[in-house]
Every structure is written in C-alpha cells, then in structure tokens.
Amino acid sequence: MDITDLKGMLEAMVFVSDVPLKADRLAELVACDRALVQSALQELAEEYHRRDGGIELAEVAGGYQFRTAARHVEAVRRLNRSKPFRFSRAALESLAIIAYRQPVTRGDVEYLRGVDSGGVIKTLLDKHLIRILGKKEVAGRPLIYGTTREFLEVFGLRSLNDLPTLKEFSEIDLDQGIADLPLPFTADDQVAEEPSA
Amino acid sequence: MDITDLKGMLEAMVFVSDVPLKADRLAELVACDRALVQSALQELAEEYHRRDGGIELAEVAGGYQFRTAARHVEAVRRLNRSKPFRFSRAALESLAIIAYRQPVTRGDVEYLRGVDSGGVIKTLLDKHLIRILGKKEVAGRPLIYGTTREFLEVFGLRSLNDLPTLKEFSEIDLDQGIADLPLPFTADDQVAEEPSA
Amino acid sequence: MNLDIKLENFEGPLDLLLHLIKKNEMEIWDIQVTRITEQYLAILDAMHHMNLDVAGEFLVMASTLLYIKSKLLLPPSEGELVEEEEEDPRAELVRRLLEYQKYKDAALDLDERELLGRDVFARKFTAPDLAVEEEDTGFYEVGIYDLVEALQDILARAPRDVVHEVGLEQVSIAERINHILGLLSRCDSLAFSDLFQEKPRRNDVIATFLAMLELVKMRTVKLMQNDRCGSIWLFPITAAETLNGSLPEEDSLGYH
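Chains as they are written, first to last, in this note's numbering: chain A, 1 to 197; chain B, 1001 to 1197; chain C, 2001 to 2256.
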C-alpha cells in the first residue's frame, strides 16, 4: 500500500468515527506499522492545518478527530440553532482541581475552594466530565473522582499531560514550602481502585 | 466576505450536518447570494475530487454532503465491525435494575425506566449479561431475569454481594435507598424456578 | 474604600479575600491582616443589613481572620517562646490562598480553550450506511460505578407516585394522545421536550409521558435517541392521517 492510499484510508475512517480514533487501533485495522500510520496521520493533520479551511484534524484524547475550525463557530451555531454554553466558575474551578489533583475526594475539592461543592460535582458527573474512580481507604471511605475521556475531548486535550503546567509560586519563601499541599489527606494515600472491566 | 472565508464556512456547516444541505439553505444561513454559494460549493467539491483522498463532497438529494470515497469502503466497514459493544444508556439502566433487583420481569424494568425495554433485554440476553431464571407465578406468567457469571466478569465483581450499595453513594446527593425502588410488585413474590441449565 | 461588593459574585471566601488583597495592592504572602479583616467584616456587615443571607463559609472565614488577628496582636506566651521559630499565624491562610489562586487561574485557562460543542464541533452521528448490526467484539470498558450512576438516574426520575397523581388531577390521557398525534401529523419527528409547554405542570408532564408510552405500546410511535445521553425523539410508525382517525377511548387505557 502506498502512502497516499494509506492516508486516504485513514482519513475515511477518522471521518466516519463519532469518537477520536487512536493510531494504535487504526494501525491494527489497516494492518500497517504503527509509526507509519502515526506519521501519515500527522501529515494529514498538517495538510488540513495549512489549507486553513472549515475543518481541522485535531489530536484529542489520545486519538484523531475531524473538527470544525474555531473561527467558523458562528456559522455552525446558526446552522444548529444552538446557543453557546457556558461553564460556571464553580464548575471550572472544581474541574481544574479534579483534573490536576486526581484522584481527589469531594472533601479535597471543598477544602481547596473553601465552599461546598457537592452540587457542582454532581453536575460534572452528570455531564460525564468526571467519574468515580473508587473509594478512598480512610475513615468514611469517601468516593474519589477523576476526569473522563470526555473531559479530554471537550477541552481538546491530547492527554492529561497536555494540561498546562500550574503557575507555581516558587519565588515565595514561606516557613513551609508550597509543595506541602494543604490537603486534608495526601494524594498518595492508599486508594480503593475500582475493579477494571 | 471573501471566497476563501465563505468556502471555509460552508465546509464547516456541511461537515457537521447529518443531512445533505441545500445551497438555498446555506445561502440563507450565510446571508450570501445563492449563485455565489453554489459556485463556492462546486469549487470545494472539485478540490476534494482532485485531491482524491478519503472523503468527497458529494451532491446528493439536491444538497451537499461529505461522504467517504467509495474505494475506501472496506476500511470503513472494518472499522465499524471492530467497534466494541457500547453500553447504551438504555442497556446500562436495564442492567442496573436487573442486577440490583433480580429476579425481575420485563414489566418491572419497563415500569422503572418508563419505556419499552424489550429490545434492550434481548440485547443483554444475546450478550450473555443476563439470563432467564424462570417464570413468575402471577397472571401471564412473565419471564424473570437475573444476571450471569459473564456479568460479574465484565464488571469485575467477585459476586453479587460486591455490588456497591446505593447507601455508599449517599454523598452524591441521593436520598432514596435502593429498598425504596417503586416496583409494581415486590421482589419476594413467589417465583417458579426454571430447572437450571 | 468602596465596599460596593456583591457576595454572589464571589465563588467563596477565598475568592473574596483574593479580591480584597488585590484591591489593596498587597502581596498574598504579606497580608496586612488588620486592614483586610476590617474590610471583610464591613462587607459581611453590609450584606447583613441588607437582609442578605451570608453563606456559612463566609462566616467561618471571618472567625479565622479574627483569630489570626488576635494571634498577631498578642505577645507570645512564655511556653511558645521556648519553641523556636513559631509559624506565622497567617501561613495556613496564605497557603490556601496561593493554592486557590492557582486553580482559579487554571479554571480560566480551561475556559479559554477551544471547547467541543462551544467553539468547535465534531460529527456526532453514525453515517447511515454504517448503521449495521454490530458484531460480538467485546465491550467498552464500563465500570461498576457507571452501573450505579445509571441506577441513580432511574431513581431520580422513577414514577413513584404516577398512578395516584393522575387519578387526582383528572388529566385526560386520551386528550394528550390526541395532542401528540396532532403535532406528529404536521411533522415527521418530534422532540420529547417539544411535547411540553414552557413551564408544564407536573401532572401535565406525567399525563403526556403516559400518553407517549401508550402510543409506543399501541405501536403508533417509536422513540429514538441519537446518542446515549441525547434527547428522545418521537417518530410515527404509520402514516399520521390514519392515526388521527383511530383515537383511543379514555376508558380503554386503564388509567382512572
């Protein structure tokens, strides 16, 4: 199979998929070397980017997905008759804490935000942006939360490593370093993992 | 608006639409002359055709729609066949009811979900996640269902006793205990056991 | 200083404190506790005079501030002098503020990204020629907690008192069936949410829901969903004209 043919094949598959497709999975499906598939996908993504048209081949949640270009958002909204949605600050703050600090309990989120966050955690669960990872092996066995694949998809992140680094305040010289995170429990306490499927 | 911008806009709109879009409708949405829109769409279609990649801008049913190129049909089929079984919301809900309230009838499941669940129960049976336990000794002698060993395997449970109780989830805003499930019949109605296979 | 501040504009006491610190051009790690405490309490006081509820968290912070202030004012006791380098009473608060600031900034960063469904869009549907029977190829990873979540959803909307309520309010299900069929005769599909008025009464919702179930049972409509959490759509199974002619009798439905 020549590279043009491979690219066409990959393009067709990514196009029809309703979820981002991983290079691994595509390599298996086309029975090709993973590195070759990966570079073909990269080339495709670059072509679309250079072309600067209505769609882009985005790298999200560990896979590839066609998406509309951000600058045409108005046209797409007009077509779908949709209003732009907004995340509340409470939702974004809680999501940021969960994303950067996972696995975390509701107590951790509330300690860091300084306010009750039960309602907002429920909403994030309902929207499948976070999920229950299991229970923490401490008194009361509180649930622990982490982000989902949908979170990566919605926020256009390749993986959790893609999250921008938190702005640290290293210049400060407190008696105790900021690195001593003021959580009620530390993150590496033993955790009751959910049995994986 | 210049033609490149118009083309990008049209491309984005045709891309996200699940039905072919007519030039008339698109012209209205972008508030542009219909002839201009028509020629921009033609140009786009030609570009994709010349490019000879994985997708084409096809003229169908009087409108425009992106489709995979015919020669990649095999790859697309392969992708689709390899799709793992996705638990639909309906499947998860029905399975949850059956797991927690077994033995239950289809009527119980439908009463709780508020929608016909025949199809979903059939799917769960086909996937060996539930099985028929017997018939209920009530009018109509409806079949009663329970979960299988495969169910335990898929969900990583040692036994049904490992199912988390809803009480443990009380922190996510749940004021109803599982015992309060509003079933039309109680679970301890007499049950005619089917001789096990 | 202008104290025209609305508490509801702040996510919580930490947010309000950060605002005051910024407004006073202080550094977080060098808070002038007396000044900040005064201003903080003045805002709470103003809220109180306007008969506004002040959430408990704001009051807890007020007492924390007062405690820190008192610690700073009191001369250290002899016992404490023995321990060298006692921690600054502000340290814990400073750490919390810095930590909160960090996630507040991260939240803004998240919001500035190109969000799927807000700024960019993907195709979220299966091409019609691909909607073929799926083969037995294994399962997506689904955890037991997904199962519990599903159950919770059902519990949240379970028809626990449907039968009684309908009886009391005498809402005609046949009337609702008629209404749905009327709507369906004018289009080929209908969103479930379109069956209701802007603010439907609870009994209307129940009656409409039961009417919809009846229609499904009678095999006159089918319900479809385009993804697992998508909205429910009604599609007529037979031509709408024939449906209009055969309306069910109220009594035959068995709801009294």
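Calculated directly from the structure, the hints in this document are not laboratory data. Treat each hint with caution, since some may be false.
[Unchecked claim] In silico DSS-like cross-links for lysine-lysine, where the CA-CA straight-line distance does not exceed 25 Å: (1) B:K1122 - C:K2222; (2) C:K2102 - A:K83; (3) B:K1127 - C:K2102; (4) A:K7 - C:K2124; (5) A:K7 - B:K1022; (6) C:K2124 - A:K167; (7) B:K1083 - A:K127; (8) C:K2022 - A:K127; (9) B:K1007 - C:K2124; (10) A:K167 - C:K2222; (11) B:K1127 - A:K83; (12) A:K83 - B:K1083; (13) C:K2102 - A:K122.
To see whether the hints hold, each was checked on the structure:
With a C-alpha separation of about 17 Å, the suggested pairing of B:K1122 with C:K2222 holds against the 25 Å cut-off. Proposed proximity of C:K2102 and A:K83 is contradicted: the alpha carbons are some 30 Å apart, above 25 Å. Distance check on the hinted pair: B:K1127 and C:K2102 sit about 47 Å apart at the alpha-carbon level, beyond 25 Å; violated. Of the pairs offered as hints, the one joining A:K7 and C:K2124 holds, with about 22 Å between alpha carbons and a cut-off of 25 Å not exceeded.
Distance restraint check for A:K7 and B:K1022: the Cα-Cα separation of roughly 29 Å exceeds the 25 Å cut-off, and the hinted pair is therefore not satisfied. Distance hint between C:K2124 and A:K167 is unfulfilled; the C-alpha atoms sit about 35 Å from each other, more than 25 Å. Between B:K1083 and A:K127, the direct Cα distance comes to roughly 23 Å. Compliance with the 25 Å bound is thereby established for this hinted pair. With a C-alpha separation of about 34 Å, the suggested pairing of C:K2022 with A:K127 is violated against the 25 Å cut-off.
For the hint pairing B:K1007 with C:K2124, the CA-to-CA distance comes to about 22 Å; that is within 25 Å, so the pair holds. As the CA atoms of A:K167 and C:K2222 are separated by approximately 53 Å, the hinted pair breaks the 25 Å bound. Restraint check: the Cα-Cα separation between B:K1127 and A:K83 comes to about 40 Å, which exceeds 25 Å; the hinted pair is violated. Using a Cα cut-off of 25 Å, the hinted pair A:K83 and B:K1083 is violated, with the two alpha carbons roughly 32 Å apart.
At roughly 23 Å between alpha-carbon atoms, C:K2102 and A:K122 fall within 25 Å of each other, so this suggested pair holds.
The structure does not agree with the numbered hints 2, 3, 5, 6, 8, 10, 11, 12 stated previously, though it agrees with the rest.
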